[in-house]
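Chemist: Listed below, chain by chain, are the residues.
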Amino acid sequence: MTTTLYVAAGSLVLIAIWVVATSNSFIRARNKVDESWSGMDVQLKRRHDLVPNLVETVKGYAQHERETLAAVTQARAEAVAASDPERVAHAEAKLTTALGEIRAVAEQYPQLRASENFQQLEAQLAQLENEIQAARRIYNANVQAYNTRIQIFPNSLIAGRNFAARQYFELDSPAERAVPAVSFS
Amino acid sequence: MDGGDVNATRWSYFRRGLPSRFNVYALLLGVAVCLAIAALAQSPTIVLVGPAVVAAILVISTWQSAGADAATDFFRTLAPELGLEYVAGGALPPLTPLLSAGDSQELEHVMEGPLFGAQGGPLCTLGHYEFKTIQPSGEGGQRTIAHPFTIAAVEIDEALPVFHGVYLRRRPRIHIPGFLWDDWLARAHAEQVDLESSGFEELYELRAARDQDRTVLHELFSPSFIVWLTEHPLRPGFECKAGELVVFIPEHEGNAGRLRLFHEAAREVGRRVIAAVDAARSATPAA
Numbered sequence: 001m002t003t004t005l006y007v008a009a010g011s012l013v014l015i016a017i018w019v020v021a022t023s024n025s026f027i028r029a030r031n032k033v034d035e036s037w038s039g040m041d042v043q044l045k046r047r048h049d050l051v052p053n054l055v056e057t058v059k060g061y062a063q064h065e066r067e068t069l070a071a072v073t074q075a076r077a078e079a080v081a082a083s084d085p086e087r088v089a090h091a092e093a094k095l096t097t098a099l100g101e102i103r104a105v106a107e108q109y110p111q112l113r114a115s116e117n118f119q120q121l122e123a124q125l126a127q128l129e130n131e132i133q134a135a136r137r138i139y140n141a142n143v144q145a146y147n148t149r150i151q152i153f154p155n156s157l158i159a160g161r162n163f164a165a166r167q168y169f170e171l172d173s174p175a176e177r178a179v180p181a182v183s184f185s
Numbered sequence: 001m002d003g004g005d006v007n008a009t010r011w012s013y014f015r016r017g018l019p020s021r022f023n024v025y026a027l028l029l030g031v032a033v034c035l036a037i038a039a040l041a042q043s044p045t046i047v048l049v050g051p052a053v054v055a056a057i058l059v060i061s062t063w064q065s066a067g068a069d070a071a072t073d074f075f076r077t078l079a080p081e082l083g084l085e086y087v088a089g090g091a092l093p094p095l096t097p098l099l100s101a102g103d104s105q106e107l108e109h110v111m112e113g114p115l116f117g118a119q120g121g122p123l124c125t126l127g128h129y130e131f132k133t134i135q136p137s138g139e140g141g142q143r144t145i146a147h148p149f150t151i152a153a154v155e156i157d158e159a160l161p162v163f164h165g166v167y168l169r170r171r172p173r174i175h176i177p178g179f180l181w182d183d184w185l186a187r188a189h190a191e192q193v194d195l196e197s198s199g200f201e202e203l204y205e206l207r208a209a210r211d212q213d214r215t216v217l218h219e220l221f222s223p224s225f226i227v228w229l230t231e232h233p234l235r236p237g238f239e240c241k242a243g244e245l246v247v248f249i250p251e252h253e254g255n256a257g258r259l260r261l262f263h264e265a266a267r268e269v270g271r272r273v274i275a276a277v278d279a280a281r282s283a284t285p286a287a
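Protein sequences, first through last, are from chains A and B. Numbering-wise (my numbering), the first sequence opens with residue 1 and increments by one. Numbering-wise (my numbering), the second sequence opens with residue 1 and increments by one.
Note that these hints are calculated values from the structure, not bench results. Keep in mind that this is a model prediction, so the values were computed, not measured. Here a beta-carbon is modelled for each residue, glycine too, at the ideal position from N, C-alpha and C. Check before you lean on any hint, since a few could be wrong.
[As the list claims (entries may be wrong)] Residues on chain B that point at chain A, a partial pick, calculated with CB under 8 Å:
no.	residue
1	Ser197
2	Ser198
3	Gly199
4	Ser224
[To be verified] Restraint-style ranges between C-beta atoms, simulated for each label pair:
no.	chain 1	residue 1	chain 2	residue 2	range
5	A	Ala104	B	Ala88	53 to 63 Å
6	B	His252	A	Asn31	36 to 46 Å
7	B	Leu203	A	Val19	24 to 34 Å
8	A	Arg161	B	Arg260	51 to 61 Å
9	B	Ser282	A	Thr73	41 to 51 Å
Just chain A, with the same shape it has in the complex (with noise of 0.2 Å):
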């Protein structure tokens, strides 16, 4: 009897000792995701920043362009606005898709594209737009690992309702999801 009682003692500690453990683990892997979330809300917010210097300078020598601009300056309120991820992505991939459309309006203007200020900020938003890109592969990464280690039996019977899984952010950019056409013609 009381060997049996030692047994299920003992038993009883370990399962303690592992529930411990597992929910400590849960909390890091979901504060890794939520520190690499900053992250790239960092690179994003320097992105935002530099998007009406960048109107501003094509402003000054595109001025017939003003539909293009404004839909970027649009795109930018959406995007500092979002706040969850999914509608974070979304805004984010509709300011990606108006400042390639300020690229394509600098190619029909020589003296825009020579500007030494204009060079400077693209260069800024080719170097930033890396970040972007490599921040979320990051908060990918979290996330995956994250959201396996929850999900995951016999982990899922800890996590239950306390740790719920995160979503990927994933941009819906026409441009980056486009498939290359293809002509043998």
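We have chain A already, so just place chain B on it with the hints.
Modeler: Frame of chain A, contents of chain B only:
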């Protein structure tokens, strides 16, 4: 040199070196000495074994010397391809924890030159580095343990006020407490730094000096740098302290392709450190 390695010409040096005049005379002399000793000791065993031992010693020493010649050849040919100059041996100032680790340090197969080749840049010293620790062994004896690395040391004086101590290295697969092995970072009194990537944290251990500006550190470890480090096949580590950047990988690398990759990695780390230094200096108002 594409698929070449440090032993590529060893066999040809060995074949040339074996029938050298020195070896022939040494063999004749060795055999004569063995016969003389055998005659004095009246031992037929020495007659049989002695010349064989002399021949074996000569073969081994020729093989060793062929290895050294082949390695010199290899690095002499590789150096210009990397935009560097082969200078054989040298020493580095013990400015970072790795360069001052252990009881003694050695640097060989040294190649020097500007980091970015024809485009210039700070002085880069690439070579095989080794620090040795002497540990007591049974019955009052001592044993020496060698820790080999391939390193690229870059002098970036401007980094001195910006990076007070940044240490990045591969995380060991099994966690072993520092006092059980020759942990060269143990004396650096650096704090562990967590970054946002769990993949990066599984592979690397990042530490920084207590007085290191954390904003500058996070500017250096931008998302793209974290991804680059995580995905790099060599998983290079680096230390930056006192104006010295040391990029390193464990073991003495002797493959041309991997050395080129390592040199490229050192350039990339150097480029990023220089950019972070420039950004920090431009952010700080002039006194």
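Chemist: State the violated hints by number, sorted upward, taking the hints as numbered earlier in the document.
Modeler: 9
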